[in-house]
Amino acid sequence: MYKPSKFNYFTNDISEGLLLYNSFNDSYAKVTKENKDETISILSSKTIMLNEGNEVKIKALTEKGFLIDEKIDENQKLNMLIAETVNGSELSLTILPTEQCNFRCKYCYEDFKRGKMTDVVQESLVRYVKKNIHKYSALNVSWFGGEPLVAFDVIENLSGKFIEICKKTKRKYSANMVTNGYLLTLDNFRKLLKYKVLAYQLTIDGLKETQDYQKPLVGGGGTFDRVIENLLAIKNNVKTGIFSIMIRTNFTKEIYEQIDEYIDFYHEHFGDDKRFGFFIRPASNFGGDRVKEMYSSFLGDGGILEICDKFVKNDKALALMNNIFLRPGANICYAAHPTKFVIDSEGGVRKCSCNLDDDNYNKIGHLTENGEMGIDADKHSKWFFSFERDKICSQCFLLPTCLQNNCPEKRIIHNIQENICPYEKTLVDYTLQLYSKTEPFDMIY
Amino acid sequence: MEKARIGTAILKSLDEIGVFIDDIEKEDDFDLREYLLDSIQFISFIIELEMELDVEIPSELLLFDNLSSFFSFGEMILGLTKETEECYV
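The listed protein sequences derive, respectively, from chains X and Z. Quick note on numbering: my numbering labels position 401 of the first sequence as 383, and the sequence is numbered without any gaps. Quick note on numbering: my numbering labels position 8 of the second sequence as -11, and the sequence is numbered without any gaps.
Isolated chain Z, as found in the complex (with noise of 0.2 Å):
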């Protein structure tokens, strides 16, 4: 259930700085790195999804080879609000 919110919040983000994945794409792993061309659109995918899940990302993990697996981004990324919900606990 969290997996399938954090992907849908990836989805999301890359929709609104306009890029599009198909839904064939989606049925499998893809490398989001082919999707985000140049740093301006990086940074802008990473403030849509910091603010889309109320995380943040700190430098160590903004890493471009880090996009190679949706999957495992998305892992990535579940750790983060992991570790933000333990915060309020």
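Just chain X, with the same shape it has in the complex (with noise of 0.2 Å):
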């Protein structure tokens, strides 16, 4: 006897066919529009019994873990994806090497009181690297800010330690960038490559006339041409596999209006390369004063499902990676672990890479010379994993991506005491489709 997996979610095809997503499993299929109506039976039947009808269908689903047998509890499988999430043993460092930002964009929340990270800063991490990595398997480095190619000596100061100590210790290494494109240069571009930087995230908003609107420089003038040649010097000129940029939109009113214009533009430049990929979301209050003069330029409720249909009903597919958040764990939030910690560029100790001003909560710790976090245990456990389930977060089938810990600062800073859903489940259904535009998924029957 088999029953459907509680991690099931199926939608409906553009080609009118089924597709069905599995959230534990992190598989994928398709199923044909002649097959949809029984798949749908199978799957929403309380338990299902094999017979030479139905055969190669159950055989089928079950191969992708769509159905599972009877006597399986997914709810003991869930705990022990808890337990491997929250034992994570991998260090991961979120460094913000400057808290100064040669943008000023219009929604960004930081407020730039800090600057650059001091030598002093840097080598306590250094210590502090050299001291503990052997608890770790692993170091993983993501280079935040501020911008952080304001502060490139940093970078490759630290950069370059870290390596030596992780070649030493036979600790495998990666770091990932989240930058705004302006100072990577194809010269900066291959120098982060030899220090191992092979994950980026931009945020382009849209064409020249929006991101030139909505992320200025410092002290005024536009920035799309130079972040797009930077992109396409990189493109042209670095021929290696190993690295993948992530081009983010924050989609607003403007934007929307020439979203043909912009899938045409991005589709012409990047839409052959595999390497680069595309991210979707509205703009939206992050925080911060700034914001307040962009809110006529919001997308209404709903606005960015319409952004996601033109995208699906455009024949030009670019490569929408909105999907890597349908992964088990994916929507975990960083802070939730208590293997992962930013810091600042003063060497505060924090949590989130939000509310960076926040000491209360935000900061449980500062770095001392002699490579010490000095952790205020109590505040940290605030930060980590509830396991306490709550009843309707158990009957959502997006569970294992969040496991319930999706944003813990609205819970510890801001007081939101219900549990917060991941954006992704409000696109469920438009990151599937897109998803399978551009990787189609296997047709089961």
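Hints listed in this document are in silico derivations from the structure and should not be mistaken for laboratory results. C-beta: ideal position from N, C-alpha, C; glycine also. Incorrect hints may appear among the rest.
Now the in silico label distances, taken between C-beta atoms and shown as ranges [as the list claims (entries may be wrong)]:
| # | chain 1 | residue 1 | chain 2 | residue 2 | range |
| --- | --- | --- | --- | --- | --- |
| 1 | Z | Asp(-4) | X | Phe268 | 41 to 47 Å |
| 2 | Z | Leu59 | X | Met425 | 33 to 39 Å |
| 3 | X | Lys152 | Z | Leu43 | 20 to 26 Å |
| 4 | X | Asn352 | Z | Leu43 | 37 to 43 Å |
Make the complex out of the two chains shown on their own, each in a separate frame, by following the hints.
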């Protein structure tokens, strides 16, 4: 006897077939239009018995994990996933080499009060890694800011030392970066590859007019041409396939008005290169004062769904990477992990890269010159995973992706008690349709 | 001679990321996938190899299954180094 997994989700495909997704196994499949109704009926049953008529379908659905043995307790499997996630063996550091930025984005929440990381803080951080790396299997660094490339020398110094430590202790090392791309010249990019910075997130807000308005230079002036020029130089001159660049766009009404031109432009320049992917979100209030100027540009309710619809219906496919948030554990905030820390430019040890001025909850320690984090265990524990399962969440097909820990910041700092669903839940139908458009799912029958 | 250089570079790159291949294994062909357990290890190995041989391995060759045979993988990399040399002629 079989039963459907409680982590299944299905939605219509643009070709009128059915797309299937299971969030626990990260599995995807497609069935033809002719088999759609029967599949929905199977996946909506309480239990299913194998018989001559349904054998092929049951086997195919079982192989992909959409049907499971009736005796399997999926809650217990979920507990195992939580245990694996909590016992992360990797040390992850989000490092702010500077909190200054060469841009002044209209919606940015940072206040740029702190500056560049001093030599003393850098040495303290290196000492911390040296003293503690034996406890971990790997070191993962995320370069964040401010704009990290404004302090390129800090990145070079720390990367060189971290790589040397990991090499000596035979630990894995990996790095990624969130940058505005303005200083991501070909020369800098080649250096960063040597420092193992292989995954990048850049925000480009639409086309020239909107990007230059939403993301101007600090002293004024456009940024679009230079960022695109940098990306094209990388695309055309770097052959290696080991890196990926995710172009994020925070959609406003103005970008939406140019949606067809947007798709044409990015498809023409980057659509043929799998190293470049796209990620869409609505521009929204991330905090701070500057954003008030932009309220009238925010998309209304459902605006982002209309944008997704345009992406689905456009013949030109852009590799949207929103699907990365459909993987198990992908929506758990890094702050909920006990081995993930944010290191601010003054050596403050924090949990969340938002609310960088909050010292009451977010700042849990401070690096000392002898390489100690001086963590306040009580403060740290507040950010930690909640194991109590909420009634509503326990019925949710997307639970394996967030494990009820999507945004501890809202619970701790903003005192919001109800569970916060991952943003991707609102877009899941479109995310699956777009994912299947660029990476066709297995047609199981 | 050139094949031996590539083979040594592959083994050295594995060693750099903490993967040790026993001498007995090296006598025959073997499956590199058994030693590279996750994507970070795979990418770390490729970075080391690219630096060791001063080549760039394009996305279409970066398939995990291309590591199923040490010898075939070596041949593929040899092809790449030849291409690079030809560029400079």
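Hint by hint, here is what the structure shows:
1. Z:Asp(-4) to X:Phe268: 41 to 47 Å: 45 Å, holds
2. Z:Leu59 to X:Met425: 33 to 39 Å: 38 Å, holds
3. X:Lys152 to Z:Leu43: 20 to 26 Å: 23 Å, holds
4. X:Asn352 to Z:Leu43: 37 to 43 Å: 42 Å, holds
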